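*Asks:* Note that the protein sequences, when read in sequence, are chains A and B. 291 is the number of the first residue of the first sequence in the numbering used here; add one for each residue after it. 66 is the number of the first residue of the second sequence in the numbering used here; add one for each residue after it.
Watch out, some of these pointers could steer you wrong.
To be verified - Taking lysine-lysine and the DSSO-like style, the derived pairs with C-alpha atoms no more than 27 Å apart in a straight line are:
#1 579(B) with 86(B)
#2 339(A) with 352(A)
#3 383(A) with 397(A)
#4 280(B) with 365(A)
#5 339(A) with 280(B)
#6 365(A) with 339(A)
#7 352(A) with 280(B)
#8 396(A) with 436(A)
#9 280(B) with 397(A)
#10 365(A) with 383(A)
#11 396(A) with 383(A)
#12 382(A) with 397(A)
Claimed, not checked - Not the full set, but computed from the structure, chain B residues with beta-carbon under 10 Å of chain A:
#13 106
#14 110
#15 260
#16 305
#17 511
#18 515
#19 626
Treat the hints as calculated values from the structure; they're not laboratory data. Note that the structure is a prediction, hence the values are computed from the model and not measured. Glycine included, each C-beta is placed from N, C-alpha and C at the ideal position.
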Amino acid sequence: MKNHLVPAILFTLFSVIALGIVYPLVMTGISVLIFPAQANGSPVTVNGKLVGSSIIGQLWTKPQYFHGRPSAAGKGYDPTSTGGTNLAPTSKKLIEATRAAIVALKKENPDAKGPIPMDLITSSASGIDPDISVEGAYYQVPRIAKARGLAPATVYTLVDRQAQGRTLGFLGEPRVNVLELNLSLDGAKS
Amino acid sequence: MQGLSWVNLLIVLIAVLLLTKPLGRYIDRVFNGQRTFLWPLLGRVERLAYRCCGIDPTVEMPWSGYALSALALGAASAGALYVILRVQQWLPLNPQHFANLTPDVAFNAAISFATTTDWQVYSGENALSYFSQMAGIVPAMFAASATGLALAIGFIRGLARSEAQTLGNFWVDLIRSVLYVMLPLSVVGALLYVSQGVPQNFHAYADAVNPEGFKQAITGGPMGSETIIELLGGNGGGFVGANAASPNENPTALCNFLELLTMLLIPAALTNTFGRMVGDARQGWILFGAMSALLVGGAVTAQVAESHGNSAIVALGVNGPNWEGKEVRFGPASAGLSVAVATATGNGAANATYDSLMPVADLVALANMQTSEVIFGGVGSGLYGMLVYAVLTVFIAGLMVGRTPEYLGKKIERREVQFAMLSVLAFALAVLVPAAIASVSRAGVAVLGNDGPHGFAEIIYAFTSTSANNGSAMAGLGSNLFYNLMTAAAMLAGRFGPVIPTMALAGTLALQVKSVRLSRGSFRTDTFMFGALLLGVVVIVGALTFLPADLLGPIVEQAMIVHPH
Numbered sequence: 291m292k293n294h295l296v297p298a299i300l301f302t303l304f305s306v307i308a309l310g311i312v313y314p315l316v317m318t319g320i321s322v323l324i325f326p327a328q329a330n331g332s333p334v335t336v337n338g339k340l341v342g343s344s345i346i347g348q349l350w351t352k353p354q355y356f357h358g359r360p361s362a363a364g365k366g367y368d369p370t371s372t373g374g375t376n377l378a379p380t381s382k383k384l385i386e387a388t389r390a391a392i393v394a395l396k397k398e399n400p401d402a403k404g405p406i407p408m409d410l411i412t413s414s415a416s417g418i419d420p421d422i423s424v425e426g427a428y429y430q431v432p433r434i435a436k437a438r439g440l441a442p443a444t445v446y447t448l449v450d451r452q453a454q455g456r457t458l459g460f461l462g463e464p465r466v467n468v469l470e471l472n473l474s475l476d477g478a479k480s
Numbered sequence: 066m067q068g069l070s071w072v073n074l075l076i077v078l079i080a081v082l083l084l085t086k087p088l089g090r091y092i093d094r095v096f097n098g099q100r101t102f103l104w105p106l107l108g109r110v111e112r113l114a115y116r117c118c119g120i121d122p123t124v125e126m127p128w129s130g131y132a133l134s135a136l137a138l139g140a141a142s143a144g145a146l147y148v149i150l151r152v153q154q155w156l157p158l159n160p161q162h163f164a165n166l167t168p169d170v171a172f173n174a175a176i177s178f179a180t181t182t183d184w185q186v187y188s189g190e191n192a193l194s195y196f197s198q199m200a201g202i203v204p205a206m207f208a209a210s211a212t213g214l215a216l217a218i219g220f221i222r223g224l225a226r227s228e229a230q231t232l233g234n235f236w237v238d239l240i241r242s243v244l245y246v247m248l249p250l251s252v253v254g255a256l257l258y259v260s261q262g263v264p265q266n267f268h269a270y271a272d273a274v275n276p277e278g279f280k281q282a283i284t285g286g287p288m289g290s291e292t293i294i295e296l297l298g299g300n301g302g303g304f305v306g307a308n309a310a311s312p313n314e315n316p317t318a319l320c321n322f323l324e325l326l327t328m329l330l331i332p333a334a335l336t337n338t339f340g341r342m343v344g345d346a347r348q349g350w351i352l353f354g355a356m357s358a359l360l361v362g363g364a365v366t367a368q369v370a371e372s373h374g375n376s377a378i379v380a381l382g383v384n385g386p387n388w389e390g391k392e393v394r395f396g397p398a399s400a401g402l403s404v405a406v407a408t409a410t411g412n413g414a415a416n417a418t419y420d421s422l423m424p425v426a427d428l429v430a431l432a433n434m435q436t437s438e439v440i441f442g443g444v445g446s447g448l449y450g451m452l453v454y455a456v457l458t459v460f461i462a463g464l465m466v467g468r469t470p471e472y473l474g475k476k477i478e479r480r481e482v483q484f485a486m487l488s489v490l491a492f493a494l495a496v497l498v499p500a501a502i503a504s505v506s507r508a509g510v511a512v513l514g515n516d517g518p519h520g521f522a523e524i525i526y527a528f529t530s531t532s533a534n535n536g537s538a539m540a541g542l543g544s545n546l547f548y549n550l551m552t553a554a555a556m557l558a559g560r561f562g563p564v565i566p567t568m569a570l571a572g573t574l575a576l577q578v579k580s581v582r583l584s585r586g587s588f589r590t591d592t593f594m595f596g597a598l599l600l601g602v603v604v605i606v607g608a609l610t611f612l613p614a615d616l617l618g619p620i621v622e623q624a625m626i627v628h629p630h
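Next up, chain B with everything else stripped away, as it sits in the complex (with noise of 0.2 Å):
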């Protein structure tokens, strides 16, 4: 069985490589404004949703322009879904009459949506109308996402332009990313799960008895629509409480792969985009090597772990892997590599239980999301979070070797330097400083859903995977009202401290003449021993800052595994 797992990796692998190319290349020909083959059909659309939000497409803006609209667009995509979730029941399309959701829930839910994390304090299938899903979930998925890759667009280009004052226009950046990208690639994706079986209907719930005389609720409502883009933009919010470990959400096994690979996909692409548009392939293909490396080593990690199995059940007289929490038609070792690719790609979709994964695949979620989400990452931030890192590489590499630090032609001195700290920090603080509040705070402590280590684990997992607009949780932490508004904090900050300071620096670099040549003296960054670089500060970096809470976690719960007396 693990045998075959590793196949599954391999060619979960091949498949995104394979799709890298042709899809960056798109992507860079819709950001370029050239004429897709999708123009013809979505040409008007594109025009008249600019006419809809009184844009103007010539006008360009500068980094605060940037950092200012995604911020706005937040407020404004939260304040949308925040009514809707308010009011539901007075709304149409809610067969099951649920009932308005409280202000702290809502509130929760529509910073979580807005932000891409997607963590949820409610449980879609009894909690959320069919409208609520469609028209306040939906959007906000699509919005959110679609920031993110048009901030990415808006950074690329700060480090492809010389000596400009401006980025592009955040809007038009936006606006095409959701028309030429995420629209076409949801439309053919939501039929393929609905293929596998993903409900995609407007139906009450259904009452069925079986033989037995067991009588269930057949649940329905709109999942592929939602589904897709959840899986695609790196959202993560399912429409069911199991999210992707539910047959609603995830019905085969080869509905599973091609949930894998959605999650991958626009992630991976971008850093081929990222390439042309700096006008170096290679450029790209030193991150896609950076992060598929550090992808295989937290997939094969939790593979081996999940397969492994718990010895506290093998000493009940039951030999297996840990099947707990995981579902037959994936399996645990399977399960395994979804975890790995879930918490690397921004995705709260889990097809397992996370509460119940062995420590040491818990310490791969935690190790994926406290890299803040740049293994793949999320729609865009995962590729702006990877060139901050890059940037801080080239620094201090330049400290090193005594070379000029360059990236890209653009020089790397105190100023970009100090931007790409604080976009770090901005980061580590969100995670730290809430986390440090639960651990001693009654309300903290009050809903932990296990005891000792595993307590603690629940609660730095939280504010991790809030903090990276992860949106996954070790869903014994029960909610109440302290957690709603930590974690809501945690999202905010952790999605939108980083943009600023990020944004700025796209914004400084812009500002700079494009050296085009390499001077003899500048460190290459094109090459095998950039990208080992690279993945080695990521890994340092995160391990500085998260080591010592991860270490009161899961590795203490692994060495009570080990060693049980």
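Looking at chain A on its own, in the form it has when it is part of the complex (with noise of 0.2 Å):
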């Protein structure tokens, strides 16, 4: 067995110094290089202070923004603590949850138009999921023109210019980002 194990061990040391630190380090300098908004984690900034990162969803909760998916990571949206809820779907307690999303999600969107987009009343694997469904963004529509004061077609637009379809038409579904859309409103009213 020594005769194994002495190659083994020495084969650890060499790959945690070859593959463990300069493997990291090369390919972070070759990223950060070549692709420096996505290494350093897509940030988002106005006027200079960071509000949040593209590719992570946020809590939001006034009614003149638009809100994301309900969330099961920390208090909501927590990036420190990610995951879903981890309900089974036979679960009382999903039932019991999705039915308290529901009405408070009718109660949040009284003048909201057609059938409630699944995504909204659902949380997401992540628990911060940065996108909702575009059927998603439409149902907050009225909220938010009533709250900002501004014609249900200017959001309308707004909403289908931040939109992204399905990317090469087959992959994923189409979706929009809450955080960019939601800066984009306050650009709108400004």
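Using the hints, put the two chains back together into the complex; each one sits in its own frame.
*Replies:* Spelled out as structure tokens, the structure:
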């Protein structure tokens, strides 16, 4: 066994240095050089102040902003405690939580039209989902238009401008990034 | 929407098919010792590695050398990771000042990463320093996945050689795996991931305040360089708790597509490498075909289940697929595809929460792992696992039609079948014994996240995933000392239990004379018929072993959804 353990230990030491230190450092160097914004976590700043990251969702509660999905990450949208509800489809807790989410959503959006979008009443897997569905954004437009004193058509146009289709036409779902949408709302207002 | 998820599945398969041959040929050249285009760059490093590790690359080893070396490397690698996790607060690159992990959590993690399982009882974003991630987790991932590849190459040589005492040199195969296969693919893949938005930095978490005044810590770290080897090597342990569901590790739909490809890439290519090394490319394509058929079956089932949605939520008056525990950028149907690919390829990297999947999709995940990860499977381990099934298939076919059981010119007799069965049984025992203990012990049921059959599913899932070295979880299941020790035992038993009889099988096969010509009485193994039989044996062995347990979990749960009263 000693014959096998010696190379095992030496290889492990070699790999900690070569693969554990050199490789990540080199990759960081190249990444920061070629893709600086992405490597740094896609930060979003307004007037020089960090407001968030374009890949990470945030908690929005005021009526004049688009809201994201329910979140199970920490106290809501906490990137240091990511995860979902982990409730089973047959779970009573899940049914109760979803029922409560439906009631709350309807109360917040008394003038909303059309069916309730499923994504707005279910928690994401990460708890920091940055997006909502395009229907999910449309659903909130009457509330936002009212709170901001804007014509609904203006807000719908804004949603359409920010909406992303399926990548390459077949990957993922059509979506809107909530932070970017809300920042463009503030831009539209001023 | 469902229609487009079929397109997604189809394009993933086509891409894998196109990459299998060139990468398979390249890997074959690497292990034959031929010079590849990377040799001018890495040949020097290869020689340096041999010198550093005290290896004479010209010395060959018998099967026992492979098995013992794999064990020794597992022990050394787990030991190094354990030490780093236990002292991380005194090491550099810990901007969030995370404390040392407790002994049982560090032990569980060390075993987990040394066996390609990557079961995680901590969440990286609030427990691991950047140093622990890059210098602890990453080398362990490289070593564990390269071990699988080296063992598979040794196994194939057992089939390819005639009257041979040795299978090659484990350390040479290991170092070549890392240098010429894992590392170059990781460099390219990590850059692709970073281009999509996966962070690669050493920043302390940044404080952001949004226009509403909501405060948020923006996490960071060298995530790209870790996420790539996580997926490429069939490891699956995430930098952050939400793993491939987190926008940090999987920021776009395109990134998700690349990650699916990454998971399938090496296991698929190895079928081609196998065909080349035994001198008959068709033999490889038969395995590829059987694996693909099983993968597609699972993927289609999971996609349909998730698109169909949860009738209990629909009853509340909202129509749509099962969005609970899914990300908007991927959507439920494509999450079904990801579940199937990740569980089939030994990857714990989930882009949805498995606890919230529909029971049928959970069943797909379980079935993919309960076939002992041979539907492409982990890097190397998937291939040698499938070759063990091929040996059994040849034997069973021989019994059925009265032909000489022969695989690639090697007779399959009592010893060979004994070793193959030991390997299959070692896995089954590693799952079922601890699951049975957990189901009847107070500590085992104390941390269940859900009630009823789903709670039982959480237990069976935990031990299936750890024994199969997958590492995905129904994360509602909490952790305690009982699970930290029991899952560690399952991971060890599930990894090394089959390795020893499998390599012994390779040893006995190597000793035999390889008959070059097919006798009239032998059963051909390069035919569609053999592929179908192989598929049948995989499904039947898995179903006979695990169906009773699955019946009490996801199958009952599905019945509850169909008939709520």
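*Asks:* Can you name, in rising order, the numbers of the hints this structure does not satisfy?
*Replies:* Violated hints: 13 and 17; rest satisfied.
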